[in-house]
Amino acid sequence: MDSDAGAVYKRSGSGPSVMMNQTMLRRHGWSSTSVVESLPDEIVELILTRLAVKCLLRFKCVSKKWKSTIESLRFKEAQLRQSQQSGDPDFLYVTEYNNDDDDDEVRIIPVLGSSSMIRTGKFPSIPNTKVCYGSCDGLICLFSHHTPNMVANPATRWHQSFPLSRVQQLLSNMCKTESAWDTPNPQLGFGKDKFTGTYKPVWLCNSAEFGRRLDNTTTCEVFDFSTNAWRYLVPASPYRILDGHKPVYFDGSLYWLTECAKVLSFDLHSETFQVICQAPFSHIPEPQQVVMCILDNSLCLSQRNWPTQVIWSLLLHTNNTSWKEICTIDLTKTFSLPEELPHFPLPVALPVALLEKKTKLLFGPALMQPMVIHDLHTKSYHKVLSPVGVFGYPVCHFDSLFSLSPN
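Under my numbering, the first residue of the sequence shown carries the number 1296, and numbering increases by one thereafter.
One should not assume that every hint holds.
Straight-line distance between alpha carbons at most 30 Å, and here's what the computed BS3-like set of lysine-lysine pairs gives [what the hints assert, rightly or not]: (1) Lys1489 - Lys1425; (2) Lys1471 - Lys1489; (3) Lys1489 - Lys1362; (4) Lys1652 - Lys1619; (5) Lys1652 - Lys1349; (6) Lys1360 - Lys1425; (7) Lys1425 - Lys1487; (8) Lys1487 - Lys1471; (9) Lys1425 - Lys1653; (10) Lys1349 - Lys1557; (11) Lys1487 - Lys1557; (12) Lys1678 - Lys1653; (13) Lys1619 - Lys1487; (14) Lys1557 - Lys1362; (15) Lys1360 - Lys1489; (16) Lys1674 - Lys1619; (17) Lys1619 - Lys1557.
Think of the hints as simulated: they come from the structure by calculation, not from any bench.
Produce the entire structure from the sequences given, and follow the hints as far as they go.
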């Protein structure tokens, strides 16, 4: 993978103050190494968890003990928790469907009024890259219908490819004889079994769109990294899902929205499907006007009904579930969108994250529109990123040391 492509790096402490501290230590006959070695191990580990991943990768060379500590699962989990608690997430803007001669420049863009940064770039190793929704333990999953898939850690630059599924192979063959508009557009899901820590890519697609190539209402394939092979899961979902919608990973399960406006979950441990509730709307007149997302560590749904867009959060109770409306956005003020056209419904804007103690909402691009920050109190907004001539997808991301191996 390209050393800069799609990577996100948090700011780390450096500069005159650090140099001054090192000078003072030398004057008193101390070195930074001797000071650290005199501290208890638990204090050293606590300090290390607060450092940027880029620094931790270098510090593995300090000693065998530090290398063992930094590579341990316990330390990786502690570092990720610290990263998540230290402030708002950073974001990857992964560009899709770029030509080889497109601009490869990587840009770092601050999100005004937030500690967050957006890093843009391509993954040249995978043409026509698509990316799964969100990240899992700092890992992102990239896929294409023509080349092997990839799990990558943008902070450490670690990556591992895995083969095409049968669904992808069928899509690749269909694209040779049919136009892109006539082929299905299933999206890959990626998440983790929270009991075993096993990462699992999952395909779920409607079978009818593949003609006689697939049976049953839906087809599900799960990838096993231990055997490096895909396997069919039977039975799959009894409900058809919205084609082209990215499944969302949350708390050990993947979620889809069905064509009959139900929320469908797939437990990555038991590998079973279950309808958990009805959506906050009774039907879906246009699939492009609804989207599922994660906001403030909650599963959310958003529906666009011109000229507004509503966002609901799912409340999970012991015996039932309910929806709570978070906010209603006036699209005429937040986005420079034309009025609704009868034969060309505009897509819903993707709510990406709540920032600055839940006072500001970051929206992803809608139909080549810019990413914007919407202030939920003042109702004002400003542009963060304006994509020019490219399709892309924003991914929330916290720096981590994780890979597919536990250690």
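Structure-based check of each hint:
1. Lys1489 - Lys1425: holds (25 Å)
2. Lys1471 - Lys1489: violated (39 Å)
3. Lys1489 - Lys1362: holds (26 Å)
4. Lys1652 - Lys1619: holds (19 Å)
5. Lys1652 - Lys1349: holds (27 Å)
6. Lys1360 - Lys1425: Violated. Lys1360 to Lys1425 sits at ~39 Å, over the 30 Å cutoff.
7. Lys1425 - Lys1487: Answer holds: Lys1425 to Lys1487 is near 19 Å, not above 30 Å.
8. Lys1487 - Lys1471: Status violated; Cα separation ~34 Å.
9. Lys1425 - Lys1653: holds (29 Å)
10. Lys1349 - Lys1557: Between Lys1349 and Lys1557 the Cα gap is close to 43 Å, so the pair fails against 30 Å, i.e. violated.
11. Lys1487 - Lys1557: holds (23 Å)
12. Lys1678 - Lys1653: holds (18 Å)
13. Lys1619 - Lys1487: holds (27 Å)
14. Lys1557 - Lys1362: With Cα atoms ~48 Å apart, Lys1557 and Lys1362 exceed 30 Å; violated.
15. Lys1360 - Lys1489: holds (29 Å)
16. Lys1674 - Lys1619: It holds: about 20 Å lies between the C-alpha atoms, which stays within 30 Å.
17. Lys1619 - Lys1557: Holds, at about 16 Å.
The structure fails hints 2, 6, 8, 10 and 14 (numbered hints given earlier, in ascending order).
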